[in-house]
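A.B. asks: Whole structure, please, built from the sequences with the hints as guidance.
One point on numbering: in numbering that gives the first Met the number 0, the residue at position 303 of the sequence shown is 302, and numbering is uninterrupted.
Possibly wrong hints are sitting among the right ones.
Distance condition first, Cα-Cα at most 30 Å in a straight line; then the derived DSBU-like pairs of lysine-lysine [what the hints assert, rightly or not]: (1) K263 - K133; (2) K263 - K303; (3) K158 - K224; (4) K106 - K158; (5) K359 - K369; (6) K207 - K329; (7) K207 - K405.
Per label pair, the in silico range of CB-to-CB distance [said to hold, decoys possible]: (8) G326 - Q89: 57 to 63 Å; (9) Q89 - K207: 43 to 49 Å; (10) K224 - M245: 52 to 58 Å; (11) N265 - G110: 41 to 47 Å; (12) S123 - K207: 50 to 56 Å; (13) G103 - I262: 30 to 36 Å; (14) I262 - N401: 55 to 61 Å; (15) S356 - K316: 31 to 37 Å; (16) I404 - T183: 34 to 40 Å; (17) T183 - Q394: 41 to 47 Å; (18) E178 - K207: 53 to 59 Å.
Bear in mind the hints are in silico, worked out from the structure with no lab data behind them.
Glycine included, every Cβ here is placed at the ideal spot set by N, Cα and C.
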Amino acid sequence: MRTPPLKTYIPIALSSILALGGVSSCANNTQIVADKSAEAAPAAPSAKVAVKRVSTKAVEPTSKTISSYERALDIAAGATLISNSAVSRQDWNLAVNRWQEAIGLLKTVPGWSRDRANAQKKLSQYQSYLADAKLKAAPPPAKVCSGDTNPQFFSVPIKGRVGGTPVVEVNFNDQQKFEMIFDTGASHTLITRSIAATLGLPPVGSAKIRIANGSVVVLPIALVKSNEIDGRVKRDIPVAVAPPAMQIGLLGQDFYKGYDVIIKENIIEFHRQNSAANKKAVKPKPCLVDTTPQFFSAPIKTRKMGIPVVEVTFNDKQKFPMIFDTGATKTLITQPMAAKLKLQRLGTTEATIADGSVAKFDVALVKSNKIANRIKRDVLVSVAPAGMDVGLLGQDFYEGYNITIKENVIEFRRQ
0 MRTPPLKTYI
10 PIALSSILAL
20 GGVSSCANNT
30 QIVADKSAEA
40 APAAPSAKVA
50 VKRVSTKAVE
60 PTSKTISSYE
70 RALDIAAGAT
80 LISNSAVSRQ
90 DWNLAVNRWQ
100 EAIGLLKTVP
110 GWSRDRANAQ
120 KKLSQYQSYL
130 ADAKLKAAPP
140 PAKVCSGDTN
150 PQFFSVPIKG
160 RVGGTPVVEV
170 NFNDQQKFEM
180 IFDTGASHTL
190 ITRSIAATLG
200 LPPVGSAKIR
210 IANGSVVVLP
220 IALVKSNEID
230 GRVKRDIPVA
240 VAPPAMQIGL
250 LGQDFYKGYD
260 VIIKENIIEF
270 HRQNSAANKK
280 AVKPKPCLVD
290 TTPQFFSAPI
300 KTRKMGIPVV
310 EVTFNDKQKF
320 PMIFDTGATK
330 TLITQPMAAK
340 LKLQRLGTTE
350 ATIADGSVAK
360 FDVALVKSNK
370 IANRIKRDVL
380 VSVAPAGMDV
390 GLLGQDFYEG
400 YNITIKENVI
410 EFRRQ
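C.D. replies: Right under this line is the structure:
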């Protein structure tokens, strides 16, 4: 009489086990059925297998994870194309954005992904490319009115070619641009006569220049106050002035000394060399400009054969005695003075001296001359022959002033 209820119960218990997949709330029922019927015993292993399959599916990579890595590779390929063809800071800014996006995607690849190792290698590589792109996208350094500017990187587009040699555009004296041949064989910058005339550059001397065919020619020397390309500024550059037949100038190595050069199809890149980069940065000094006070004076320190000797400050750092000779039109310094001031020889010039003869002198540039609060900036001076122990202060310093020479002082009043 008790058998039918048992048969009715077994299917119900099995049905519960199959429906719930071995959930703990039915565990007691499963054990009871296993004890009372051998037919129900296989159900338990089936439930355990089902649990293992669920656990395996939980750690499988998703399609989203895989696509993040592949998407990073696609974006990096675009960044590489932009970098290879970039000619402006806007181009490099676009490359920066692409590298940043690719790096962000690589960082989302989890540790268990099969792409994790490759993603880490790419991450280091892309970060290096990003740093390079940021360097080239950085704005040029602020211009200062004195001293050179030496950015870590600058570039110039190639405007054309002459006989296969690149032609670039150079800004002279912060006022006008001229096309120049970028000839790595030219040690010094050479400008045309038309450039010299346009900029109003007088010859300050002459120099012997070796030209391409190996011969040596004598060319006039002029002084350019500044050359500039993309934030790189070189000041006070002596340049040779070419013969009339030359229609385009040469940009010399004197402009980009200290830089490694990469010439591409459409652009030339300049990377500052390590030796130049490691030099201690020099803080720009306040800009020196000409001052023209209404009145200034200079004490007479002594006299040389009755002619007053005054003290003049050169380059805002060193004082020298100078003969105040009203017959000297240009300032003349001694060779020891030139050596102490570390003046660069620009060329040579000829001048008539006191006895009426013509003598040849070296020419150099003095950053500033100063007496009291009168300052004269960028003064071209002649360097006297050996044996002269005191320089001459020329009229070029006090031009525009009336002079009163007293016993112990010289007074200057602006006209």
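A.B. asks: The structure should be examined with respect to each hint, and the outcome stated for every one.
C.D. replies: For each hint, the structure was consulted:
no. : hint                    : verdict
1   : K263 - K133             : holds, 19 Å
2   : K263 - K303             : violated, 62 Å
3   : K158 - K224             : holds, 24 Å
4   : K106 - K158             : violated, 41 Å
5   : K359 - K369             : holds, 27 Å
6   : K207 - K329             : holds, 24 Å
7   : K207 - K405             : violated, 46 Å
8   : G326 - Q89: 57 to 63 Å  : holds, 59 Å
9   : Q89 - K207: 43 to 49 Å  : holds, 45 Å
10  : K224 - M245: 52 to 58 Å : violated, 22 Å
11  : N265 - G110: 41 to 47 Å : holds, 43 Å
12  : S123 - K207: 50 to 56 Å : holds, 54 Å
13  : G103 - I262: 30 to 36 Å : holds, 34 Å
14  : I262 - N401: 55 to 61 Å : holds, 57 Å
15  : S356 - K316: 31 to 37 Å : holds, 35 Å
16  : I404 - T183: 34 to 40 Å : violated, 55 Å
17  : T183 - Q394: 41 to 47 Å : holds, 43 Å
18  : E178 - K207: 53 to 59 Å : violated, 27 Å
Checked against the numbered hints listed earlier, the structure breaks hints 2, 4, 7, 10, 16 and 18; every other hint is satisfied.
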